[in-house]
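Mind docking chains R, G and P on chain A? Use the hints.
These protein sequences, in sequence, are chains A, R, G and P. At position 181 of the first sequence the residue is numbered 181 (my numbering), and the sequence of numbers has no breaks. At position 151 of the second sequence the residue is numbered 151 (my numbering), and the sequence of numbers has no breaks. At position 57 of the third sequence the residue is numbered 57 (my numbering), and the sequence of numbers has no breaks. At position 296 of the fourth sequence the residue is numbered 296 (my numbering), and the sequence of numbers has no breaks.
No false leads were mixed into what you were given.
Identical chains blur together in the list; that is why a pair holds if it fits in one copy or across any two.
With a straight-line cut-off of 20 Å between C-alpha atoms, the simulated EDC-like cross-links for lysine to aspartate or glutamate are:
id: 1; residue 1: 315; residue 2: 294
id: 2; residue 1: 315; residue 2: 108
id: 3; residue 1: 315; residue 2: 115
id: 4; residue 1: 315; residue 2: 117
id: 5; residue 1: 292; residue 2: 313
id: 6; residue 1: 250; residue 2: 16
id: 7; residue 1: 292; residue 2: 334
id: 8; residue 1: 250; residue 2: 19
id: 9; residue 1: 162; residue 2: 117
id: 10; residue 1: 113; residue 2: 153
Derived from the structure by calculation, the hints contain no laboratory data.
Protein chains: 4
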Amino acid sequence: MTYDFRSDNVAPPMAEFLDAALRNGASWMDAYGEDSTTAQVEELLADIFEHEVAAFPILTGTAANALALAQLSNRFGQILCHRSSHIYLDECGAVEFHNPGGRLIPLDGGDGKLDVDRCARVLGAADDVHQLRFTALSISQATEMGTCYSAGEVEKLAALAKRNRMAVHMDGTRFANVVAASETSPADLTWRSGVDVLCLGATKGGVIGAEVVLFFDRHQARDFRRLMKRSGHLPSRMWFLAAQLQVSFKGGLWLESARHSNAMAARLGTALEAGYAIVPYHPVQTNMVFLKMDRAPCDRLRQEGFNFYTVGDEKDGILARLVTSHATQPHDVDRLADAIGNAARGVA
Amino acid sequence: MTYDFRSDNVAPPMAEFLDAALRNGASWMDAYGEDSTTAQVEELLADIFEHEVAAFPILTGTAANALALAQLSNRFGQILCHRSSHIYLDECGAVEFHNPGGRLIPLDGGDGKLDVDRCARVLGAADDVHQLRFTALSISQATEMGTCYSAGEVEKLAALAKRNRMAVHMDGTRFANVVAASETSPADLTWRSGVDVLCLGATKGGVIGAEVVLFFDRHQARDFRRLMKRSGHLPSRMWFLAAQLQVSFKGGLWLESARHSNAMAARLGTALEAGYAIVPYHPVQTNMVFLKMDRAPCDRLRQEGFNFYTVGDEKDGILARLVTSHATQPHDVDRLADAIGNAARGVA
Amino acid sequence: MTYDFRSDNVAPPMAEFLDAALRNGASWMDAYGEDSTTAQVEELLADIFEHEVAAFPILTGTAANALALAQLSNRFGQILCHRSSHIYLDECGAVEFHNPGGRLIPLDGGDGKLDVDRCARVLGAADDVHQLRFTALSISQATEMGTCYSAGEVEKLAALAKRNRMAVHMDGTRFANVVAASETSPADLTWRSGVDVLCLGATKGGVIGAEVVLFFDRHQARDFRRLMKRSGHLPSRMWFLAAQLQVSFKGGLWLESARHSNAMAARLGTALEAGYAIVPYHPVQTNMVFLKMDRAPCDRLRQEGFNFYTVGDEKDGILARLVTSHATQPHDVDRLADAIGNAARGVA
Amino acid sequence: MTYDFRSDNVAPPMAEFLDAALRNGASWMDAYGEDSTTAQVEELLADIFEHEVAAFPILTGTAANALALAQLSNRFGQILCHRSSHIYLDECGAVEFHNPGGRLIPLDGGDGKLDVDRCARVLGAADDVHQLRFTALSISQATEMGTCYSAGEVEKLAALAKRNRMAVHMDGTRFANVVAASETSPADLTWRSGVDVLCLGATKGGVIGAEVVLFFDRHQARDFRRLMKRSGHLPSRMWFLAAQLQVSFKGGLWLESARHSNAMAARLGTALEAGYAIVPYHPVQTNMVFLKMDRAPCDRLRQEGFNFYTVGDEKDGILARLVTSHATQPHDVDRLADAIGNAARGVA
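Isolated chain A, as found in the complex:
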């Protein structure tokens, strides 16, 4: 038996999404996103975000981010992002490839979050022909450390961006977890705080594979479908991506799933702290728990059947990253907490 805490994308999809596929699959549909399901998703999201949106279903988060940033930036554009961001570390240069001549500027900041002062420091130089221009700022919400920006924090970053004529992109792979955790409305966390484009994830919430790029100003989405087509992201049966999004966003399933995975992470954090005085390395705000841990207890946990990733190295210290999902069971979390407690003791 294996208990899998590697990522929310190794979990099986929720049964609801597979059912949705079956229901939709029986009819003839217009191709390339001109079907009624795709249109309905746009309407659904306009309701949820309390604002007109242009919505584009897309297979992967990498494609969503790279295309959204290619749309916002331009051929001399520099994009501010956190050094730990997925676009910088885990997408094999997708942003730069889709935006030829552009550049990502990675910045440090505690708990995976961009810091307004550090951002302000790199901006503000005179426009100079020898240098690229700052065109966009990218916020990961939740961050790669599972932490969240408050609406106020997003607002401050976005205000800085606007003062410097930059657009604001939000990588919302785990945006659902932030909404679920923060009790803040999707609108407050995005356009009301100055976000121009949200790459809203559904895959990690349990659909088979679908994200959606949301522009809050339809005008900014001009030709976006051509960016999709050119990169091979305009599937003929687009409705299949849309069907997953529809089920996810229609009845609140997206938040239900996020609430569960958040709760599982919180349960793990609490159990470790209460039972074993082990304090997570980053605050547990969504569905991730990071623990500073030596190689030996990590190996031992794996031998006991727990699967997870580590980040960092011997020199700076290793962090075990434990990710929960819609499919994580409470008793598995409890078993993991105990195993960690014992492994830590055994080593110490």
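Here is chains R, G and P on its own, set in the frame of chain A:
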């Protein structure tokens, strides 16, 4: 009621594929193509093609073609293709985008097929720093006109390519229809005739959305997964694409579907010729029937509920393109044949 | 002794340009094009073209064309050009490289000239996400065959372009020869006829190496210097390119040089026609003479010390291309005419 | 009267180079770098570097660096460089543009120099499809701070690179100054220490505008001329760039010029330290002197006619950058030293 002959991708997927999704969806799977289903697809295809293959499931034909050609060509590469080819006409510049600095060279040729002599004419110039180099030749099998190359024809084109140090790419969106029509083995139509890479389609055969890029020399596939990742085509739940391919290729469903759609097109062609002395514009070899037709009868057919595309313009003549699929019913074909016969008479 | 008729760029520069370099070279100058000489060139050209211009000196015609088209087009842009154009045949894909995702569409047309009807035929399709968009039309003035468009012809092409929301680019490597030949004003041949950008050559007129990109609407030149910088075309001692242009355009030297080379080509054409009844393949309108000629007389001419290029092949026929320049001497032209006459007779 | 210490590229070229232009300019030459002067430059450099080289004259340092790195790296390549390097800060993204999909990784390090340990820290990760690959390491010799790497330091960095299968690029805009300063042979500073490609500058040494890209393994230079052509860097009269290089490298003029500019910087540093106890911020090793200085004395110096750039900002402190050249006169240096001494006193 609408009878849809627009394309094989507006038809609903076959029930079998939806079932396959359900069956696979219940378990935890490794992400990004490292799952067992993806591995099994590779084995299945090695069997079918009687040769070791490196197989990469991919969402769309546009992505499959563009990435395969980016892999085969290089930064100074020119790619020979037919003027009617999908990569030239219908992919919004995807090949050039994914292969920066490259160029497509479109050539004419009867019934949508490349002509060895015309190809030879543009090749053979000395290597000159002022010019791009010819690096690949792309064959559409079946063509956009629904016609097929024989294995012998492929062999001659490939031999020409090899003499000029060019790789051979096959856009096999409707390769299944060719195999079904020609009674030639997949191996004879590809690597035995000199094809290096086949973009093998399944979407138009009735899966939800999945193609597979096949390299017959694993060495030529080096870093192909990075090309996929960088373009956003390495989904975490890759197994869902693989599951569709698995069902398609395991029990011969891919050929069964193709045989049916071919038969429906043949039925249409025969009915028109026998009943109304209407001869299709191109030979009906797979699942497409092209008819020279004025605007008026086209409009009349549409009013009667038949949906289809036209190509060309008033000046050169309009061709109605009628595409059949796994879901096309014989009685709909018969109805269409009669409607065409009447529409043509009515006008004449 | 060799008589060189290969190209106007193998001739030595005119002494005046070398002198200009010396005169300018003695002082300290602002770098990167912010010097006074570069500014003066812009003023000079505004006078000559009777219109405000934004003028950017640049080392090569390839760079000038590629950057100008990158500026005019965009990431989904298709550019109409003649099949014989330098941008299509002789710049190693520079246009596509500098304009990632763009495409050149080569068209046929007599004597190297674009034909309005042929252009109109490929335009006019509905804007479709699967296809690139037409964004620019490129006119070579003079053409690669040494022929000229009249102002009226340019106007018709440009009007067609404007109706299709396309910008108009003119590759004016030998624009001087056209002005000299046509007795039409630079203004009439460009902005008054609808040209947006002119890549005005000076190299082939006898400077060491300098072209200048002229935008007739300064607004269209926004960020052009960044395109130059990014491609390595913003040299610190930009004034050295500007100095050559200044000498060329100040006292009419550019037209003087062009008149001489035109006269030499006319002399050759006349001598061949009058003395040997040999009629050039294309009308001799600027500084090029094309002769249909077999391999044997070509070889014989070369053995006699005449150096020149041929185009075409055995199958379609070989054309000898004879190019005159500011440095071509009348007696060399006469010698060449006689040698051709004899070579042709010898073979026949 | 202005005393210009902004950069070595605002100084006028040395008279010798202008003379060279005149001498070469009188004859007919083969175009596009196939002339004898270009060939002679290659031979000259082979002698100076005691090694076979492939040598490519090129107009600007930006082009030289970007094309050399495009040649060494590949489409998934990451290039290590110093955070202050010209390729990262002052070339408007040229490296990324010419190498689509690549990325620069800037690292900190004292006095503008890369640090082996910091480099080692970012390397060594497993090859992972989600990440770019490290393909090259770029060393600025001299650095942007005017400091030098010893041959031993280059060797250590190159050895690290080789262990990680990375190529080694040297931005040698001011390589002459390093050779002049270090009394180390060009060979020891480059290929004997593991450098693969040197972008050897001549512009800042006083030619009009010419750099040369040197590959120490001809095999690594394959298709480099196509990279040049495609970017517009293969001028027809290439011999004019070569002529400047020839004069520079033939009689040792390159080192003579560098020795003079180094001596002028040393004179400035010594005068400031001895006369005013002002210690330069970075060690003065070539032709640059950096001084920590407030805005007020900077302004005062400018009012007195001294022209120079500053780097940094109020918050972190401003550095005045004073650059000497072949044209800098000792009495101007002395005047500057006194003016700085007085300005500093006046403020304090």
